[in-house]
Amino acid sequence: MGIADFFSDLLESLPWPQEVHAEAPEEGEEDKEEGKEEGDGEEKEGGDEESKEEGGEEEGEGGDDGEEEEEEEEEEEEEEEEPEDPKPRLEEECARSAQCIGYKHHYEECVERVTAQHEDPDYKGPKEDCVEEFFHLQHCATQCAAPKLFKLLK
Amino acid sequence: MFATSARNISSKSSEAASSPFYLTATASGATAAAIGLGAFYYQFVAQDAYAMTPAEEGLHATQYPWEHAKWTKTFDHAALRRGFQVYREVCSSCHSIKRIPYRKLVGTFMTVDEAKALAEENEYDTEPNDEGEIEKRPGKLSDYLPSPYKNDEAARAANNGALPPDLSLIVKARHGGCDYIFSLLMGYPEEPPAGATVQSGLNFNPYFPGTGIAMAKQLYDGLVEYEDKTPATASQMAKDVVEFLNWTAEPEMDDRKKMGWKTLIVTVSLFALSVWVKRYKWSTIKTRKIAYSPPKHDTRIR
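Taken in order, these protein sequences are the chains called A and B.
Numbering of the first sequence is given in my numbering, commencing with residue 1 and proceeding in unit increments.
Numbering of the second sequence is given in my numbering, commencing with residue 155 and proceeding in unit increments.
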């Protein structure tokens, strides 16, 4: 990805005669052309030469699905009056996943034990806290949710 | 002869002298004392004492896939504009960005007119006039972003003794950089874990070393309204403001990456050229063949 992107960026940055429109191109015509060639004209960025040449229906469909999902998510977020942060939801899902369930189990057990100690007036053992267990759970859950979260953010 | 006789003598003497009891006891006691002393030394002196708890270290920042951190990517300047908006509306009531002048905003994420209008909202000291008085004038593009407090002491007094750090270089100044700032901003749990002690006036944040931080949670969903209609979730605001803070710390990053690639390309091609020239110059030497043709058989002796 990285190095290939770099070269394509370099090519684009060269002052070669590119498709330069003085005025915005009429979108209707392009859509019609794409619709004729590919059948379903939902692809907005579907001007890829490769997909046209190869005629790969599978690739085209895959791209369509991805874009549709993204569009749906954006629409959902836009429709809501108060935008909802996806971070707590993602981290909760991650904490329940097989990856972090062990840490979650330890943390919950610790919370139970320590709260019981606090409520017990006769308890005279050493003072405990669940900071370490919390750290382990938090580290696992946030690291698992990090790439998912950044895909949703702009 | 001499060696063998000497060995005979020594073996005879060792057989003859069977060690008395007091020698055995002394040796055993000395050995036991040596082992005991060694164990004591290892237990109480030689081992490092680790007194730090995880809470004192702070939770290590989560690594996020920052787009602008990649080698071939620049800052997302729309995100910088959003981040500056978050800074102005949220952070700037306590934190300063002293090292960025208004002129730096021009061309990065603002037009000249926008930056001028922004600068004129604040007043700055003039040069002394004819009578030596210092008056106030509206800000210019060459002025630096204003600080919320006159000095550090005023900032401490207003914030319960805690100094809100200047944010100009904060991404460079903290271990973990962007990841740390983002984790810190978003890391406030709903309630501290059971048994954790939080001093009054402080808030629990796992990413802050010591876990007690004077700053409270600042970013809530829908706190600002973005111009470009981006949904202003807390994560989105944190991401934008962290990218903006990375820009204030490294405003030269875009140019630096461009220059780095130029340098790499030029040096690599020059190196390739030099390799080629070397091989070209040495080709006559490397490809020569040294042959020895012996003189023809000649029996005559001169």
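Where hints are given, some of them may not hold.
Here are the in silico distance ranges between beta carbons for each label pair [as the list claims (entries may be wrong)]:
1) 122(A) x 319(B): 31 to 37 Å
2) 223(B) x 122(A): 53 to 59 Å
3) 117(A) x 312(B): 37 to 43 Å
4) 194(B) x 148(A): 32 to 38 Å
Simulated crosslink set (DSSO-like; lysine-lysine; CA at most 30 Å straight-line) [stated by the list, open to error]:
5) 252(B) x 290(B)
6) 326(B) x 154(A)
7) 432(B) x 151(A)
8) 371(B) x 127(A)
9) 290(B) x 224(B)
10) 440(B) x 151(A)
Note that these hints are calculated values from the structure, not bench results.
Quick caveat: nothing in here was measured; it's all calculated off a predicted structure.
By construction, the Cβ of each residue, glycine as well, lies at the ideal position given by its N, Cα and C atoms.
Open item on the list: For each hint given before, does the structure comply? Return the numbers of the non-compliant ones in rising order.
Closed with: 1, 4, 7, 9 and 10
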